[in-house]
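Protein chains in written order, with our numbering: chain A, 9 to 213; chain B, 9 to 213.
Hints in this document: simulated from the structure, not taken from any laboratory. Each hint should be verified, as a subset may be incorrect.
Claimed, not checked - Stretch by stretch, here's where chain A covers chain B in the computed footprint (C-beta under 8 Å, at least three residues):
hint, stretch
1, 93–105
2, 198–207
Claimed, not checked - Sample of chain A residues facing chain B (criterion: CB under 7 Å; computed from the structure):
hint, residue
3, P47
4, L84
5, M87
6, L99
7, Q117
8, D120
9, R159
Given the structure is predicted, the values throughout are model-derived calculations rather than measurements. By construction, the Cβ of each residue, glycine as well, lies at the ideal position given by its N, Cα and C atoms.
There are 2 protein chains.
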Amino acid sequence: MSRIVLATRNAGKIAELHRILDGFEVVGLGEYPDAPEVPETESTFAGNALLKARAIAAHTGLPAVADDSGLCVDALNGMPGVLSARWSGRLGDATGDKDRANLDLVLDQLADVAPDRRGAHFACAAALVLPDGTERVVEGRMHGRLVDAPRGTGGFGYDPIFVPEGETRTAAELAPQEKDAISHRGKAFRALAEIIDGLLTGGRA
Amino acid sequence: MSRIVLATRNAGKIAELHRILDGFEVVGLGEYPDAPEVPETESTFAGNALLKARAIAAHTGLPAVADDSGLCVDALNGMPGVLSARWSGRLGDATGDKDRANLDLVLDQLADVAPDRRGAHFACAAALVLPDGTERVVEGRMHGRLVDAPRGTGGFGYDPIFVPEGETRTAAELAPQEKDAISHRGKAFRALAEIIDGLLTGGRA
Chain A
9 MSRIVLATRN
19 AGKIAELHRI
29 LDGFEVVGLG
39 EYPDAPEVPE
49 TESTFAGNAL
59 LKARAIAAHT
69 GLPAVADDSG
79 LCVDALNGMP
89 GVLSARWSGR
99 LGDATGDKDR
109 ANLDLVLDQL
119 ADVAPDRRGA
129 HFACAAALVL
139 PDGTERVVEG
149 RMHGRLVDAP
159 RGTGGFGYDP
169 IFVPEGETRT
179 AAELAPQEKD
189 AISHRGKAFR
199 ALAEIIDGLL
209 TGGRA
Chain B
9 MSRIVLATRN
19 AGKIAELHRI
29 LDGFEVVGLG
39 EYPDAPEVPE
49 TESTFAGNAL
59 LKARAIAAHT
69 GLPAVADDSG
79 LCVDALNGMP
89 GVLSARWSGR
99 LGDATGDKDR
109 ANLDLVLDQL
119 ADVAPDRRGA
129 HFACAAALVL
139 PDGTERVVEG
149 RMHGRLVDAP
159 RGTGGFGYDP
169 IFVPEGETRT
179 AAELAPQEKD
189 AISHRGKAFR
199 ALAEIIDGLL
209 TGGRA
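The whole structure should be built from the sequences, with the hints applied where relevant.
Structural data, given as structure tokens:
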């Protein structure tokens, strides 16, 4: 079975990606404590995913998968976007719950925005880089809208304030398998899984 | 001399606008303590300026001038924009220095952004609404870039982190008259002053 390194230390992401990429031996960066920290300096999700996958493939000599994802809020011109994880900056660091500080900040910023202008989508770029230099990147989206106050304890990040299209529950109120089926990351990683299968096993599946 | 009401309680803005609109008897909302608070719910500076000027013209029966302005950061897709004054939300309220919390948050959000991607501009929409329903709105911009750390004690808002094109000093290091000559608000209010002069005095100036 092919070993693939997932270029993340985020426990929530690792759990999600394990469920989706279950036909491979997937390991996280916990097994590579010396792996480099890669600053996400690009202005696009795809750019950042490729940056990370390249660095981890070079470090491990193994096929590396990385994603970059975030929440794109219509009334914020698509931000927080690539800055989703650090939207509240040091103010959020000081609160001890960065996810909560980030989503509270988005709610504050939208406080005076009309209900019909609360559209948003999650976006995910998933990149694969092989030691021979082969690169692939795919993107997935989940459209929906933001609610006024967080609900639910599942998921992570902005899930508690995001209701997917066709749902009344927030993404944090969905079961993990329900979320995977419609999520930006689920879509991107299923598309990447097909590519991985073709490249690494010659289309055995 | 025609009396005009400036629809703002912001001391920094009042000082700036007094200097520019010096051919008229300009009064701020301090003289109209019962004037309505107008939520800035529009998605554009022009929309918010008109909202405020309409409300104050209706309340006072006098020509009303209002502006809405903000900082538009390239790497934030033009945000904070119309949300400039409340960018840090309740996290900023808790710090006791909202201006500082707002600019610190922008600096944090740009922490990993490359030096050549720190472009930004200030934008200002200035609106005039007369009691007879006549409406005018003009816009001004000041282009420049953001520095890494605040400098200077003049101005207000994001001035300490913004260096105008052709300058090495931040907007907070410029003398008030220097800033007026190049600022978004200066440009917008000089353009509006000409319109006011034409409408209210028949082009006497």
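So, going through the hints one by one against the coordinates:
1. 93–105: holds (count 8)
2. 198–207: It is violated: at least three residues are needed, and the stretch 198–207 of chain B offers just 0 whose Cβ sits closer than 8 Å to chain A.
3. P47: holds, 5 Å
4. L84: Holds - the Cβ of L84 of chain A comes within 7 Å of chain B, reaching about 5 Å at its closest.
5. M87: This interface hint holds because 5 Å falls under the 7 Å limit.
6. L99: holds, 4 Å
7. Q117: It holds, given that the least Cβ distance between Q117 of chain A and chain B is near 5 Å, below 7 Å.
8. D120: holds, 5 Å
9. R159: violated, 19 Å
Checked against the numbered hints above, the structure violates hints 2 and 9; every other hint is satisfied.
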